[in-house]
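Using the sequences and the accompanying hints, generate a full structural model.
If you read the protein sequences in the order shown, they are chains A and B. As numbered in the working numbering, residues 1 to 320 make up the first sequence, in order. As numbered in the working numbering, residues 1 to 65 make up the second sequence, in order.
In case anyone wonders, no lab produced these hints; they're calculated from the structure. These numbers come from a predicted model, not from an experiment. Glycine residues also receive a C-beta, built at the ideal position from the N, C-alpha and C atoms. Certain hints may be false.
Some, not all, of what chain A presents toward chain B, calculated at C-beta under 7 Å [what the hints assert, rightly or not]: (1) Ala18; (2) Ile19; (3) Gly193; (4) Arg216; (5) Ala219; (6) Met224; (7) Glu228; (8) Ser242; (9) Ile243; (10) Ile245; (11) Lys246.
Each computed DSS-like pair below joins lysine-lysine, with the alpha-carbon atoms no more than 25 Å apart [claimed, not checked]: (12) A/Lys10 with B/Lys41; (13) B/Lys27 with B/Lys41; (14) B/Lys27 with B/Lys10; (15) B/Lys27 with B/Lys57; (16) B/Lys10 with B/Lys57; (17) A/Lys10 with B/Lys57.
Rough simulated footprint, nothing fancy, chain A against chain B, three-plus residues with beta-carbon under 8 Å [unchecked claim]: (18) 31-37; (19) 51-58.
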Amino acid sequence: MTRPPRPYMKCNLCGGLAIIRMPQHRLNLCEEHFDQWVLKMVQRAIERHSMFRPHERVLVAVSGGKDSLALWDILTRLGYQTEGVYIHLGITHEDYSDVSQAQVEAFAVERGLSYQVVDVGATYGQTVPDLRNTGRGKHLCAVCGLVKRHVMNRIAYEGGYDAIATGHQLDDEAAILLQNTLHWRAGYLQRQGPVLPSTHPRLARKVKPLCTLYERETAAYALMRGIEFVEQECPYAVRATSIFIKHILNQLENRSPGTKRQFYDGLVRGRASGELVFSAPDIDDEPALAPDDYQTCPRCGQPTLSPGLCAFCRLWEPAP
Amino acid sequence: METARITYRKRVLEVAAGMTVYSAIEKMGIDPSTVIAVRAKRVVNEQTILEAGDELKLVNVISGG
Chain A
1 MTRPPRPYMK CNLCGGLAII RMPQHRLNLC EEHFDQWVLK MVQRAIERHS MFRPHERVLV
61 AVSGGKDSLA LWDILTRLGY QTEGVYIHLG ITHEDYSDVS QAQVEAFAVE RGLSYQVVDV
121 GATYGQTVPD LRNTGRGKHL CAVCGLVKRH VMNRIAYEGG YDAIATGHQL DDEAAILLQN
181 TLHWRAGYLQ RQGPVLPSTH PRLARKVKPL CTLYERETAA YALMRGIEFV EQECPYAVRA
241 TSIFIKHILN QLENRSPGTK RQFYDGLVRG RASGELVFSA PDIDDEPALA PDDYQTCPRC
301 GQPTLSPGLC AFCRLWEPAP
Chain B
1 METARITYRK RVLEVAAGMT VYSAIEKMGI DPSTVIAVRA KRVVNEQTIL EAGDELKLVN
61 VISGG
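Listed below in structure tokens is the structure:
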């Protein structure tokens, strides 16, 4: 059971009215100090994990949700060179993809930020939900992830970006970590972290600057900054395992504040120190090997470990 | 009885004025750590006392993907 808040929730820094309570940090903050704290946390994560430097160009993957738009806002305020990419997946249920795109465009236009839209249906002939009917798209969330990673890699390569930034926050990372641990997916456990280095000229470095913030904090930041975002959940993710896992982690967190943070930090620190080592065959669509280990997909030109078509291009083939 | 109105997704609940935001969230059967409360477009803390006529919106903070 969550411990009820104490009366008169004051900012620990100025004594003013706090808007947020962060038991894992034993910290209550007012609007002004929470804003400063968020910027400081993100800047610290960028520097600590050598995500990117001020002269580098960062492609921000934006979905129209709270996390990615908060991330874009924060990176812009910190003075980084950013451009956005929105991937239109073709989800028509309650106009989800169209509404999300409109939200991204409104955000960018209002701030004078540049962005591009990749329409999966128009570019590749089928939308992500269409792939469900091909026999290759039974696990739609996995397919969606594969499509997004392929498109992000392509756009980053073609545009000469140094890094791709995504809005994954600590709750996302802790949920992924728990799922990977429950299934002992050693390859994923070895790769998961705030930075996935570039291992091939066509695979950009991937970074997660919000990895030290709880999901609740990115939401509070977005709301406090007046960022309009899509509150509706992706219709295909409503019963997603990741949401169930997040609720379980929140129960642990409510009982013992800081659990999620310790869980994820333990992985990052343990791997960095060499205390934790996982070894397993690499993952097909985004392996972490040296450039010479890759083959080239004859259709799209992106690197792949498998001979022949890469995992993305195989999606569009007739089912076996 | 003077009341405040709370909305969460498509649910609407009228609660007695004088209740804290935290208590109101629990009354809706929601884990308070999974939502942010917003009143008049401003984030409010869990200890805020609801006043008669308040319109409070709870924003879900858990997303999948």
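Cross-check of the supplied hints:
1. For A/Ala18, the suggested interface contact is upheld, since its CB lies about 5 Å from the closest CB of chain B, less than 7 Å.
2. Interface hint at A/Ile19: satisfied, since its Cβ lies 5 Å from the closest Cβ of chain B, which is below the 7 Å cut-off.
3. Checking A/Gly193 against chain B by beta carbon gives a least distance of about 19 Å; that is not within 7 Å, so the hint is violated.
4. The closest approach between the C-beta of A/Arg216 and any C-beta of chain B is roughly 5 Å, which is under the 7 Å cut-off, so the hint is satisfied.
5. For A/Ala219, the interface hint holds, the least distance from its beta-carbon to any beta-carbon of chain B being 4 Å, beneath 7 Å.
6. A distance limit of 7 Å between C-beta atoms decides the matter here; for A/Met224 the minimum to chain B is near 5 Å, and the interface restraint holds.
7. Restraint check, A/Glu228 versus chain B: the minimum CB separation of about 11 Å is more than 7 Å; hint violated.
8. Of the supplied interface hints, the one on A/Ser242 holds, with its beta-carbon coming within about 5 Å of a beta-carbon of chain B, less than 7 Å.
9. Hint status for A/Ile243: holds, given a least beta-carbon distance of 4 Å to chain B, under 7 Å.
10. At its closest, the beta carbon of A/Ile245 sits 10 Å from a beta carbon of chain B; the interface hint therefore is violated under the 7 Å criterion.
11. The interface hint given for A/Lys246 holds, since its Cβ lies 5 Å from the closest Cβ of chain B, which is under the 7 Å cut-off.
12. The straight-line distance between the Cα atoms of A/Lys10 and B/Lys41 is roughly 20 Å, inside the 25 Å bound, and the hint therefore holds.
13. Annotation: proposed proximity of B/Lys27 to B/Lys41 holds, straight-line Cα distance about 22 Å (limit 25 Å).
14. A distance of roughly 16 Å separates the Cα atoms of B/Lys27 and B/Lys10; the hinted pair therefore holds under the 25 Å criterion.
15. Between the alpha carbons of B/Lys27 and B/Lys57 the distance comes to roughly 14 Å, so the proposed pair stays at or under 25 Å and holds.
16. Annotation: proposed proximity of B/Lys10 to B/Lys57 holds, straight-line Cα distance about 11 Å (limit 25 Å).
17. Between the alpha carbons of A/Lys10 and B/Lys57 the distance comes to roughly 22 Å, so the proposed pair stays at or under 25 Å and holds.
18. As drawn, the region 31-37 of chain B meets chain A at 5 residues by the rule of a beta-carbon pair under 8 Å; at three or more, the given contact holds.
19. Note: the region 51-58 of chain B has 0 residues with beta-carbon separation from chain A under 8 Å; the three-residue rule is not met and the coverage is violated.
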